[in-house]
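Same order as they appear, the protein sequences are chains S and H.
Position 92, counted from 1, in the first sequence is what this note's numbering calls 92; the numbers after and before it change by one each time, with no gaps.
Position 117, counted from 1, in the second sequence is what this note's numbering calls 117; the numbers after and before it change by one each time, with no gaps.
Please note that the accuracy of each hint is not assured.
[Stated by the list, open to error] The list that follows gives simulated cross-link-like pairs (lysine-lysine, BS3-like), each with its CA atoms no further than 25 Å apart: (1) S:LYS61 - S:LYS49; (2) H:LYS9 - S:LYS104; (3) H:LYS57 - H:LYS9; (4) H:LYS57 - S:LYS104; (5) H:LYS57 - H:LYS71; (6) S:LYS49 - S:LYS68.
[To be verified] Cβ-Cβ distance ranges computed for the label pairs, FRET-style: (7) S:ILE60 - H:GLU111: 12 to 20 Å; (8) S:ALA17 - H:ALA82: 40 to 48 Å; (9) S:PRO7 - H:ASP26: 36 to 44 Å; (10) H:PRO83 - S:GLY41: 15 to 23 Å; (11) S:GLN58 - H:THR15: 41 to 49 Å; (12) H:PRO39 - S:SER18: 21 to 29 Å.
[To be verified] Sample of chain S residues at the chain H side, in silico, Cβ under 8 Å: (13) PHE90; (14) ALA99; (15) LEU100; (16) GLY103; (17) LYS104.
Calculated directly from the structure, the hints in this document are not laboratory data.
Quick caveat: nothing in here was measured; it's all calculated off a predicted structure.
Using N, Cα and C, we set each Cβ at its ideal position, and we do this for glycine too.
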Amino acid sequence: AQSVTQPDIHITVSEGASLELRCNYSYGATPYLFWYVQSPGQGLQLLLKYFSGDTLVQGIKGFEAEFKRSQSSFNLRKPSVHWSDAAEYFCAVAEAGTALIFGKGTTLSVSS
Amino acid sequence: NAGVTQTPKFRVLKTGQSMTLLCAQDMNHEYMYWYRQDPGMGLRLIHYSVGEGTTAKGEVPDGYNVSRLKKQNFLLGLESAAPSQTSVYFCASSSTRTSGGARSGELFFGEGSRLTVL
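Model the full structure from these sequences, guided by the hints.
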């Protein structure tokens, strides 16, 4: 069965430090991969997506993610975290024509 | 440019009551989805639809029914609400075609509907 694992439930990063949020998936074919962000009380906002091609994907707000087929991973990175990045982050996976399967999320806290 | 609209945004129910959540999208998307979000559980798929008149079960379909009588609308019904259905519900839609900046399979979400069952 398809699954998405976000190993870290909660991460705290100092403002200005770099960030990496992990995402691993279990899927037969090359899936479509997404990262979403959700601020408290808000809906989900798409940060970036990978469908094919270049395995390093640039998104909004200075985020990027790298698809590594050999590791079945799609980790989210940001070189310098801002306090406004504190939110919950969801990795999601789908095959063409199927519903998106979400990980359980990683809550990011930013310390000053 | 409304996108995906959910109504109502908030609702409080008593156990055993029924209600319907309405999702409307104006992007002519073929696929529509209902998810529920609970703390520590992420988003879990309840039901989805691949086209007008068709529905399918997702990961957690029990206690819910859905209908897709019109392409633009996807209704989620609770016939007899239970406290375990207290959650935030998100509707989403996607296209099977690449159009503009959106690729096939990219989901567009509504803002969510917070349901409390007492």
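Here's how the hints hold up against the structure:
| no. | hint | result |
| --- | --- | --- |
| 1 | S:LYS61 - S:LYS49 | 14 Å, holds |
| 2 | H:LYS9 - S:LYS104 | 23 Å, holds |
| 3 | H:LYS57 - H:LYS9 | 23 Å, holds |
| 4 | H:LYS57 - S:LYS104 | 20 Å, holds |
| 5 | H:LYS57 - H:LYS71 | 18 Å, holds |
| 6 | S:LYS49 - S:LYS68 | 14 Å, holds |
| 7 | S:ILE60 - H:GLU111: 12 to 20 Å | 18 Å, holds |
| 8 | S:ALA17 - H:ALA82: 40 to 48 Å | 44 Å, holds |
| 9 | S:PRO7 - H:ASP26: 36 to 44 Å | 38 Å, holds |
| 10 | H:PRO83 - S:GLY41: 15 to 23 Å | 22 Å, holds |
| 11 | S:GLN58 - H:THR15: 41 to 49 Å | 48 Å, holds |
| 12 | H:PRO39 - S:SER18: 21 to 29 Å | 28 Å, holds |
| 13 | PHE90 | 6 Å, holds |
| 14 | ALA99 | 5 Å, holds |
| 15 | LEU100 | 5 Å, holds |
| 16 | GLY103 | 6 Å, holds |
| 17 | LYS104 | 4 Å, holds |
In the structure shown, no violation is registered for any of the earlier numbered hints.
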